Amino acid sequence: MDKTWLWHWLLPPERFPLEATDAYMRAVGVVLIALAAIALIGAMGAMELVLGGTFGRYLMVIVLLLLLTLAGFRHYGGVTRFGHLTVGVVILGIAVVMAMTGGRAVGGAMMLPLFVLLAMLVLPRWQGALWAVVAVAAIGLSYALASAGAPAWLRPHPQWAASAGYRVPIALCVLSAMFGLYFMRSYRELLAGLEASRRSETELLRIATLQKERFVDFALVAADWFWETDADDRLVHVSAGFGHALGLSNEEVIGCTPTQVASRLLPPDRAAAVADLLAARSDFTGQLLRASSADGEHRILSNSGRALWSRDGEFLGYRGAAVDVTALQGLNEELRYMAETDALTGLANRRSVSRSIESALGGRGWLLFMDLDGFKAINDTHGHDAGDAALRDIAQALLRCARDTDVVARLGGDEFAILLLNDKHKAAELVATRVLDEVAAVAATDARFEGLGISIGMARLDGAGSVEQALIRADAACYAAKRAGRHRFETG
1 MDKTWLWHWL LPPERFPLEA TDAYMRAVGV VLIALAAIAL IGAMGAMELV LGGTFGRYLM
61 VIVLLLLLTL AGFRHYGGVT RFGHLTVGVV ILGIAVVMAM TGGRAVGGAM MLPLFVLLAM
121 LVLPRWQGAL WAVVAVAAIG LSYALASAGA PAWLRPHPQW AASAGYRVPI ALCVLSAMFG
181 LYFMRSYREL LAGLEASRRS ETELLRIATL QKERFVDFAL VAADWFWETD ADDRLVHVSA
241 GFGHALGLSN EEVIGCTPTQ VASRLLPPDR AAAVADLLAA RSDFTGQLLR ASSADGEHRI
301 LSNSGRALWS RDGEFLGYRG AAVDVTALQG LNEELRYMAE TDALTGLANR RSVSRSIESA
361 LGGRGWLLFM DLDGFKAIND THGHDAGDAA LRDIAQALLR CARDTDVVAR LGGDEFAILL
421 LNDKHKAAEL VATRVLDEVA AVAATDARFE GLGISIGMAR LDGAGSVEQA LIRADAACYA
481 AKRAGRHRFE TG
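In UniProt numbering, the protein residues as written are 1 to 492.
Everything labelled a hint here was simulated from the structure, so no lab data went into it. Please read all numbers here as calculations on a predicted model, not as lab measurements. One or more of the hints may lead you astray.
As the list claims (entries may be wrong) - Result set (DSS-like, lysine-lysine): computed pairs, CA atoms no more than 27 Å apart in a straight line:
no., residue 1, residue 2
1, LYS426, LYS482
2, LYS424, LYS482
3, LYS482, LYS376
Unchecked claim - Derived DEER-like restraints, expressed as beta-carbon distance ranges:
no., residue 1, residue 2, range
4, ALA389, ALA280, 53 to 61 Å
5, GLY88, ARG311, 53 to 61 Å
6, ILE207, GLU358, 51 to 59 Å
7, PRO267, SER197, 52 to 60 Å
8, GLU340, ASP437, 26 to 34 Å
Ideal Cβ placement from N, Cα and C applies to all residues, glycine included.
Take the sequences, apply the hints, and build the full model.
Structure, rendered in structure tokens:
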């Protein structure tokens with residue numbers, strides 16, 4: 001049977017971790033002070049109650065307060081806060097009892113120095129000293145009241161006061177003091193054990209680090225291909241098929257340096273970067289190599305290398321691995337295209353054009369914000385298929401009006417935008433006029449598109465402080481065009 005369950009219940013490991021040595025031992029001190037006080041005061045109160053007196057009830061109130069404090073400490077933690085609460089309940093509680101007995105509770109005066117001593121184990125010295133001052137003041141007041149013959153509101157049972165009533169707490173105080181000395185000795189032994197444990201932990205950590213480095217090397221090897229060089233950077237070992245993946249044979253690769261191999265696969269500047277990495281004896285990861293294999297297939301390899309050193313600091317060479325990421329790169333490009341492109345029209349989406357607007361702010365340029373006229377009637381009359389066809393045709397019309405340097409985007413719904421870079425007002429008006437003509441031509445090509453038009457709002461980029469401000473100004477101009485009769489443009 002596990003005998004530590006009660007201790008773990010009093011000091012839950014998740015709230016009082018043993019690794020935090022000082023805090024843990026102070027927490028142990030709080031629990032021991034509370035338990036010692038509960039035992040001493042509870043014994044006195046129980047004996048008084050057994051004799052049939054009422055004095056013990058007030059002692060049991062102190063015990064109840066200590067139990068509540070101990071329960072709060074177990075639940076919330078906070079060594080200093082609950083240390084003050086525990087010591088305060090004991091010292092102030094006994095002080096009140098001594099005052100209410102007219103200074104005749106000699107047993108309380110005997111116990112106070114013990115709890116001051118225990119408080120010193122939990123609280124900072126100056127805070128423990130303050131409680132010592134309170135205890136001395138309580139004892140002095142007690143003797144003063146007794147000497148003056150002060151009246152007593154609480155009286156111990158006569159049999160308790162006349163017999164062994166005061167001997168029991170004195171004996172318990174002595175036993176508690178002996179327990180305190182044993183505790184201090186155990187405390188020192190525990191610290192010594194923890195120090196030895198830490199030394200052992202450091203050694204285990206060193207071994208674990210070595211194992212981790214070994215594991216990292218093996219994990220690096222667990223790739224499509226791996227390679228190794230000597231101290232002179234010559235490739236001394238490559239896995240089967242590595243040369244073939246680069247469009248070379250393994251015989252051509254062995255004996256060459258990675259720089260020589262890179263010069264046959266990469267532009268001069270990127271090949272020079274490989275040479276710089278090797279010269280610096282630096283680890284590297286994710287170096288992309290684009291090559292054509294022996295069968296003419298284009299591949300992209302992600303190459304990583306780790307510099308190897310002896311214990312004496314002598315460079316031993318490199319060990320590395322390469323992974324074929326051709327499919328992954330293609331997937332990344334596809335995901336990037338999907339993230340920046342409107343799925344229906346193939347135009348740039350709002351996120352993409354917002355990034356372009358942000359980079360163009362403050363320069364010469366114009367933003368054309370466009371909203372279709374009569375589009376809702378197409379959807380309502382002919383259905384969403386007709387509406388989608390209209391959006392696709394409008395997108396192609398806008399592309400015909402723009403240059404390769406312009407950005408054409410669908411913002412959402414039936415809203416579009418064209419970003420014109422480094423253009424004057426006249427050029428922006430010319431593009432807007434072309435858009436009106438092209439949209440009118442689209443409307444004339446399909447009977448379902450009857451009544452389709454477009455309203456355009458134009459805003460200068462050099463007057464906008466943010467993407468949102470540029471869009472708001474262009475949108476306001478577009479709204480002005482709608483109020484002015486639709487299928488026209490206005491400048492904001």
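Against the structure, the hints come out as follows:
1. At most 27 Å may separate the alpha-carbon atoms for a hinted pair to count; LYS426 and LYS482 meet this at roughly 21 Å.
2. Proposed proximity of LYS424 and LYS482 is supported: the alpha carbons are some 24 Å apart, at most 27 Å.
3. Simply put, LYS482 and LYS376 have alpha-carbon atoms about 15 Å apart, close enough for the 27 Å limit, and the pair holds.
4. In this structure the hint that ALA389 and ALA280 lie 53 to 61 Å apart at CB holds, the actual value being about 59 Å.
5. Against the hinted window of 53 to 61 Å, the Cβ-Cβ separation of GLY88 and ARG311 comes to about 59 Å, which satisfies the hint.
6. The given range of 51 to 59 Å is respected by ILE207 and GLU358, whose C-beta atoms sit roughly 52 Å from each other.
7. The hint said 52 to 60 Å for the Cβ distance between PRO267 and SER197, and at roughly 57 Å that hint holds.
8. Distance hint check for GLU340 and ASP437: the Cβ-Cβ separation is about 29 Å, which falls inside the suggested range of 26 to 34 Å.
The structure meets every hint from the earlier list without exception.
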